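Student: In order, the protein sequences belong to chains A and B. Every position in the first sequence, counted from 1, becomes a number in the numbering used here once 12 is added. Every position in the second sequence, counted from 1, becomes a number in the numbering used here once 20 is added.
These are calculated hints, taken from the structure and not from any lab test. Remember, predicted model here, so these are calculated numbers, not experimental data. One should not assume that every hint holds.
Stated by the list, open to error - DSSO-like mimics (lysine-lysine), calculated; alpha carbons at most 27 Å apart, straight line:
id, chain 1, residue 1, chain 2, residue 2
1, B, K156, B, K188
2, B, K156, A, K14
3, B, K188, A, K14
Stated by the list, open to error - Covered stretches of chain B, as calculated for chain A (at least 3 residues, CB under 8 Å):
id, stretch
4, 30 to 42
5, 57 to 67
6, 71 to 78
7, 169 to 178
8, 183 to 194
As the list claims (entries may be wrong) - If you want the footprint, here are the derived chain A segments under chain B, 3+ residues with CB under 8 Å:
id, stretch
9, 15 to 24
10, 30 to 38
11, 83 to 97
12, 153 to 162
Each residue gets a CB set at the ideal place from its N, CA and C atoms; glycine is no exception.
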Amino acid sequence: MKTNQLIAALAADTPAEPGMGAGLARWLLPALALAGLALLTVWGLRPGLAAALMQPAVAAKLALPLVMAATALTLALRSARPEARPSVAPLALLGAAALALLATGLATTPPAAWEQAWLGNTALACLISIPALAVLPLAASLLALRRGASTYPARTGLLAGLLAGAAATALYALHCPEDSPLFYVCWYGLGIVIAGTAGRLLGPRLLRW
Amino acid sequence: MTEAEWAALLRAANAGDARAYGRFLHAITPMLRGLVRARGGSLGPEGCEDIVQEVLLAIHLKRHTWRSDAPLRPWLYAIARHKVIDAFRARGRRVDLPIGDFAELLPADPGPDPTEAGDALRMISRLDPRSAEIVKAIGIDGEEIAETSRRLEMTEGAVRVVLHRAFKRLAALRERHLE
Chain A
13 MKTNQLIAAL AADTPAEPGM GAGLARWLLP ALALAGLALL TVWGLRPGLA
63 AALMQPAVAA KLALPLVMAA TALTLALRSA RPEARPSVAP LALLGAAALA
113 LLATGLATTP PAAWEQAWLG NTALACLISI PALAVLPLAA SLLALRRGAS
163 TYPARTGLLA GLLAGAAATA LYALHCPEDS PLFYVCWYGL GIVIAGTAGR
213 LLGPRLLRW
Chain B
21 MTEAEWAALL RAANAGDARA YGRFLHAITP MLRGLVRARG GSLGPEGCED
71 IVQEVLLAIH LKRHTWRSDA PLRPWLYAIA RHKVIDAFRA RGRRVDLPIG
121 DFAELLPADP GPDPTEAGDA LRMISRLDPR SAEIVKAIGI DGEEIAETSR
171 RLEMTEGAVR VVLHRAFKRL AALRERHLE
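Generate coordinates for the entire structure from the input sequences, incorporating the hints supplied.
Tutor: This is the structure:
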């Protein structure tokens, strides 16, 4: 087949597909909706959620993962362009913000109570719930990013995992009754890292092109 | 043709203008050929043309990843670099293409226009018969979609769907071929 014959066939294949952002929204929004539905039905909202959110430490455990999810989403989309050299630096800044929260937690909790605040009563549930809630958003993000052309598939996978983990964490924060930063910075953070690692491992397999 | 003109063509193409898209692919091909030949002379003109066609197929399937407000040349070079490295690796060779050095994508002396490339037909023959027939009818016999759809008694939409899936399938076949 001559190259100009191939070009003739390629040129007949119009119209083009939707852009990456629209494609990701198409997969991710239903996945997030399903994860949200699962949270409402299986986990349930914590009692007195609205009142609790008036406390800064509780608002922070919802706001920080939301900002993290939005940041990872932007970075993941950018990294799907072939010429991009994706950076995770903005997420490192958010990690630093989380550590600052942890420091305030340590400063406002008497040392004798640190261990109880850190372990809480639901650490294991938290560690299972966040990755479980992240499964669908991660699958949806990776599927959508397969349409992209990442030349750094491991990093794009990592960003997809962090996006899914952070979104799952924001949902779980609506259920979780533990309000000490000592608890949530550690266990939420670990949940997000687990989701990120899953994405990091799946990226090179799934995002090849 | 300048980068701005290429970008205008691809912008029109991504908005659904098939003629602009054909012109865009024709316009970038000599430059891709120059890039591949500069690295892979030992593969012979036919071997190089196989790689050029692989790059064109990748550009086709990933054209929605170009943002119409972004510079075109880095995008084009990144796709070409990725596929050229893949293609050389598949042939048991290494090639050195530095990241971001898209000065090489200056419109170069195209050299003589070849040539039959061998891989494409071999891959097309591994598609299901209907897809293979449609790709060949439109590419090799130069049929319009409307003609093909009349001849095969399919709707134009159905022909388009088969054609689009055929290109995705071809890319997947190449991918498997590489492993």
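Student: All hints are to be evaluated individually against the structure, with a verdict given for each.
Tutor: Here's how the hints hold up against the structure:
1. K156(B) to K188(B): Within the cut-off at roughly 15 Å; holds.
2. K156(B) to K14(A): The hint holds at about 11 Å.
3. K188(B) to K14(A): holds, 19 Å
4. 30 to 42: Holds: 9 residues of the stretch 30 to 42 of chain B have a Cβ under 8 Å from chain A.
5. 57 to 67: That given contact is violated, which follows from only 0 residues of the stretch 57 to 67 of chain B lying within Cβ reach (below 8 Å) of chain A.
6. 71 to 78: With 5 residues close enough to chain A, the hint holds.
7. 169 to 178: Coverage by chain A is violated for the stretch 169 to 178 of chain B (0 residues, Cβ < 8 Å).
8. 183 to 194: That given contact holds, which follows from 4 residues of the stretch 183 to 194 of chain B lying within Cβ reach (below 8 Å) of chain A.
9. 15 to 24: holds (count 10)
10. 30 to 38: Contact hint for the stretch 30 to 38 of chain A vs chain B: holds, 4 residues under 8 Å.
11. 83 to 97: holds (count 5)
12. 153 to 162: holds (count 3)
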